Amino acid sequence: MAEQTVGLTGFGGYIPRLRLQRKAIAQANAWVAPNFMGKAKGERSMANWDEDSVTMAVEAARDLLGPDDDRSHVDAVYFGSTTMPFADRLNSGIISAALTLEDRVRAIDVSSTQRAGTSALMQALAAAKSGETKNGLVLASDHRKTKAVTAQELDFGDGAAALSVGTDNVIAKYLGGASLTVDFVDHFRGDTEEFDYNWEERWIRDEGFSKIVPRAVKSALDDAGLKGEDIAHFIIPSTFGMKFITGLAKKCGLNPEIARDTLAANCGETGTAHALVMLINTLQTEAKPGDKVLVAQFGGGCDALIFEVTDKLSTMSGKRGIAGSLAERVEETNYMKFLTFNGLVEWERGMRAEQDKKTALTTLYRNEDMIMGLVGGRCTETGVIQFPRSRISVNPNKHTVDTQEPYKFAEKKAKILSWSADYLSFSMNPPNHYGMVVFDEGGRIMMDFTDVEVGNVESGMEVRLVFRVKEVDEKRGFKRYFWKAVPMPASVAGAQAAE
Amino acid sequence: MATGIKDKVAIVGMGCSKFGERWDSGPEELMVEAYLEAMQDAGIEPTQIDAAWFSTHIDDIGTGKGGTPLSLALRLPNIAVTRVENFCASGSEALRGAVYAVASGACDIALAVGVEKLKDTGYGGLPVGNMGTLNPQWSPSGSAPGNFAQLASAYRAKHGVAKEDLKRAIAHVSVKSHANGAKNPKAHLRNEVSEEQVMNAPMIAEPLGLFDCCGVSDGAAAAIVTTPEIAKAMGKKDVVTVKAMQLSVSNGLESQHNSWDGSYFHTARIAAKKAYKEGGIDNPREQVSMMEVHDCFSITELVTMEDLFISPEGGAVKDVMDGFYDSDGKVPCQIDGGLKCFGHPIGASGLRMAYEMYLQLQGRAGERQLPNPKIGLTHNLGGAPSQNVCSVTIIGAEGA
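Chains A and B supply the protein sequences, listed in that same order. Take the first sequence: its position 470, counted from the start at 1, is 470 in my numbering, and no numbers get skipped. Take the second sequence: its position 400, counted from the start at 1, is 899 in my numbering, and no numbers get skipped.
Be a bit skeptical, because a hint or two may be false.
[Said to hold, decoys possible] Below, computed lysine-lysine pairings styled on BS3-like, alpha-carbon distance capped at 30 Å: (1) A/Lys145 - A/Lys227; (2) B/Lys657 - A/Lys408; (3) B/Lys657 - A/Lys413; (4) B/Lys657 - A/Lys412; (5) B/Lys736 - B/Lys505; (6) A/Lys475 - B/Lys829; (7) B/Lys564 - A/Lys358; (8) B/Lys505 - A/Lys357; (9) B/Lys657 - A/Lys415; (10) A/Lys358 - B/Lys618; (11) A/Lys398 - B/Lys657; (12) A/Lys357 - B/Lys564; (13) A/Lys398 - B/Lys773; (14) B/Lys564 - A/Lys398; (15) A/Lys292 - A/Lys134; (16) B/Lys772 - A/Lys398; (17) B/Lys662 - A/Lys415; (18) A/Lys147 - A/Lys408; (19) B/Lys618 - A/Lys475; (20) B/Lys662 - B/Lys736; (21) A/Lys413 - B/Lys662; (22) A/Lys227 - A/Lys243.
[Stated by the list, open to error] If you anchor each label on the Cβ, the simulated ranges turn out as follows: (23) B/Ser758 - A/Asp402: 39 to 49 Å; (24) A/Asn429 - B/Ser758: 28 to 38 Å; (25) A/Pro34 - B/Met630: 47 to 57 Å.
Honestly, the hints are just simulated from the structure, not real lab data. Keep in mind it's a predicted model, so treat the numbers as computed, not measured. Quick reminder that beta carbons are idealized off the backbone N, C-alpha and C, glycines included.
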């Protein structure tokens with residue numbers, strides 16, 4: 001029997017569009033930490049206030065899955081992150097609901113180490129190899145929280161990666177890999193702590209990375225039956241700079257020139273997502289069919305995986321992925337906004353923010369597909385589409401009863417009918433933009449807007465929908481999620497140009 | 500076959516408190532202020548009141564959701580009191596209850612009182628409301644100005660009106676109301692303003708600035724209604740009767756069906772048509788003498804002129820700029836200052852509108868008195884453009 005090909009069958013990526021300029025961070029903090037002025041170069045990705053590891057993972061997954069309503073082929077979701085919004089509520093379950101996956105899906109959260117992303121991937125590969133699952137979805141995402149005035153604040157970024165794992169249409173065949181588990185504590189975050197505690201960088205570099213990574217790489221090469229010179233791309237996240245990484249490649253017996261860009265200049269290190277973020281970026285930029293790619297991730301030891309790119313890679317050319325996400329950028333120079341979005345400033349939000357955000361979990365569950373999946377209804381008799389679904393149709397010409405089937409809105413084309421920029425109601429990013437969004441195929445939803453610039457909204461503008469945090473219940477530690485509209489000013493400019 | 504409300508019920512007494520930031524008064528005192536004026540106007544004793552309708556919307560008063568706050572404050576003689584609420588149209592709802600009770604023959608005399616004590620909530624603007632358990636999980640957590648402001652974007656898109664032109668037209672709406680309010684001793688805001696002032700005011704919700712938004716006020720208003728026959732027996736001359744009373748409530752079409760374009764009030768058009776039919780009005784632009792409309796925001800008033808079929812579709816900007824609705828225009832609107840300047844204590848507003856029409860019809864409006872009005876229209880709206888309740892009431896001289 002021929003050996004079955006197991007590997008990556010697709011990818012998707014998401015890096016938030018806001019790019020905080022490191023100069024803005026360093027300058028604001030120069031009075032207390034002039035040493036960071038040396039790092040005042042480039043930009044880091046910065047999540048909007050309503051993004052977290054779950055919402056970013058959803059975006060990456062949507063990029064991978066595409067707009068098709070039918071996602072029944074996904075039979076497993078592995079979510080790697082150390083910044084999951086819930087310590088006890090299945091975070092991959094939230095993602096599954098947002099993606100409208102079927103409830104027979106196997107959803108697993110993988111956490112507690114920077115290796116969570118690569119470990120999730122290894123689990124998915126193992127399950128695919130054994131035949132337990134056919135189409136696993138591996139997501140890794142981090143919304144990295146650091147104290148102000150730290151090196152991490154400058155080095156880190158926010159982002160998510162998505163990979164699908166299976167046996168059909170493999171774009172990168174899995175050749176082998178290895179895990180090394182070492183309780184080497186370069187940093188830690190206690191279970192009641194908000195922030196990491198970090199040990200000395202030189203020790204982490206010399207005793208950690210330099211000694212542990214080569215051992216894992218060697219094991220992976222052995223597992224795959226390969227030699228160092230067979231590898232065409234070496235991917236490992238590290239904030240020690242490219243000079244260190246090329247040296248590390250040499251220590252691993254690899255060609256130093258194959259060490260791939262850590263995206264430090266324009267993204268920052270996205271935690272558990274970053275090895276996969278770099279892998280996807282490499283697949284989109286430098287990798288060619290036949291290339292062997294070694295992906296490693298350090299953290300409590302090291303994971304190392306080796307793939308061989310196939311000629312199916314070209315089928316992925318339409319994906320946004322990481323390269324596309326990096327191109328969709330908006331420069332942010334307001335460091336205070338970054339601190340505020342990350343809860344590092346106690347600011348006066350006004351009386352309107354005092355409203356209790358308690359969520360009725362009964363109501364949430366009863367309306368799960370509506371709220372989490374943006375699923376409305378379509379009348380099987382008249383075809384009228386509406387949101388939300390209801391027993392009696394909203395159709396003014398025929399109020400049919402009990403004729404509606406579920407109808408998914410999230411991937412459908414829509415435009416703005418009416419809108420306002422509201423300075424009165426509370427918003428974490430005022431003014432509060434919202435309006436009526438009308439779908440081309442039918443249906444409409446009055447909804448919040450996000451990722452919007454003041455003065456850049458107009459009736460008729462196209463929007464795309466995104467899954468975001470709707471409200472944070474700080475009293476109880478709960479987050480409400482719902483969908484929001486992102487206005488696309490280019491759509492109006494494009495239409496005008498066409499005229 | 501229903502014959503409608505026309506001339507079946509007369510208003511024999513009305514009262515209205517001073518509106519404004521009534522730091523000196525609680526809701527009980529405001530109710531008493533409006534009630535005593537209405538009772539004196541009607542010339543009746545409390546024992547003559549058969550039943551009462553009480554409207555308040557935002558904050559529960561005294562003993563909470565029920566009829567007791569009114570009965571306790573007014574020391575009513577243990578008669579029926581029904582509390583009603585229908586968003587910002589609650590006041591009209593109270594009047595409707597009282598009017599229908601009299602029309603049915605169940606009551607000889609009925610009382611309607613509306614009150615709102617907004618300035619104990621601590622907010623500028625309306626307080627944040629509670630919308631149940633499902634709505635907050637998906638609807639935008641916006642504000643009234645943010646919801647109504649959307650009319651402007653949709654109206655501009657539909658009628659091709661330039662942003663600046665619409666901004667100036669809605670500014671004129673407010674300028675006119677301020678000029679009227681300045682003449683009203685009971686009004687909350689009594690200062691005249693210029694178009695430039697309105698247009699340069701701080702932004703509240705694009706494109707509505709501070710002066711495009713109505714006053715957030717405390718206040719109460721009351722009406723005493725009976726049959727025209729009893730009114731005459733009481734010795735009342737110049738009897739004012741109810742000609743039409745219609746309420747239209749959204750059923751989700753605007754918010755869920757793509758047939759609504761966002762630039763007008765679907766309910767207002769339905770309520771207006773029904774009210775004109777009930778009141779025997781064929782040509783509202785010619786027959787309506789004056790109006791008090793729900794000018795919660797300047798843009799609301801502007802589009803409402805079309806929804807009430809006074810201005811032609813797309814013609815409100817021109818009419819407004821031509822002064823058609825000014826106090827010396829063809830159909831004066833907001834003669835008492837409107838919600839804009841008289842103020843908007845939610846539960847009282849519908850009754851306050853009727854109060855001005857009543858005074859005008861009886862020639863008792865003082866400095867604001869219009870020459871010989873016959874038909875007055877009140878338009879009282881609650882909710883948001885995409886989901887609302889709309890009341891249109893017509894009152895006039897008996898036989899008009």
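Results of checking the hints against the structure:
no.	hint	in the structure
1	A/Lys145 - A/Lys227	violated (39 Å)
2	B/Lys657 - A/Lys408	holds (29 Å)
3	B/Lys657 - A/Lys413	holds (21 Å)
4	B/Lys657 - A/Lys412	holds (24 Å)
5	B/Lys736 - B/Lys505	holds (18 Å)
6	A/Lys475 - B/Lys829	violated (56 Å)
7	B/Lys564 - A/Lys358	holds (23 Å)
8	B/Lys505 - A/Lys357	violated (47 Å)
9	B/Lys657 - A/Lys415	holds (15 Å)
10	A/Lys358 - B/Lys618	holds (26 Å)
11	A/Lys398 - B/Lys657	holds (27 Å)
12	A/Lys357 - B/Lys564	holds (23 Å)
13	A/Lys398 - B/Lys773	holds (22 Å)
14	B/Lys564 - A/Lys398	violated (37 Å)
15	A/Lys292 - A/Lys134	holds (23 Å)
16	B/Lys772 - A/Lys398	holds (23 Å)
17	B/Lys662 - A/Lys415	holds (20 Å)
18	A/Lys147 - A/Lys408	violated (40 Å)
19	B/Lys618 - A/Lys475	holds (27 Å)
20	B/Lys662 - B/Lys736	violated (50 Å)
21	A/Lys413 - B/Lys662	holds (27 Å)
22	A/Lys227 - A/Lys243	holds (23 Å)
23	B/Ser758 - A/Asp402: 39 to 49 Å	violated (22 Å)
24	A/Asn429 - B/Ser758: 28 to 38 Å	holds (33 Å)
25	A/Pro34 - B/Met630: 47 to 57 Å	holds (51 Å)
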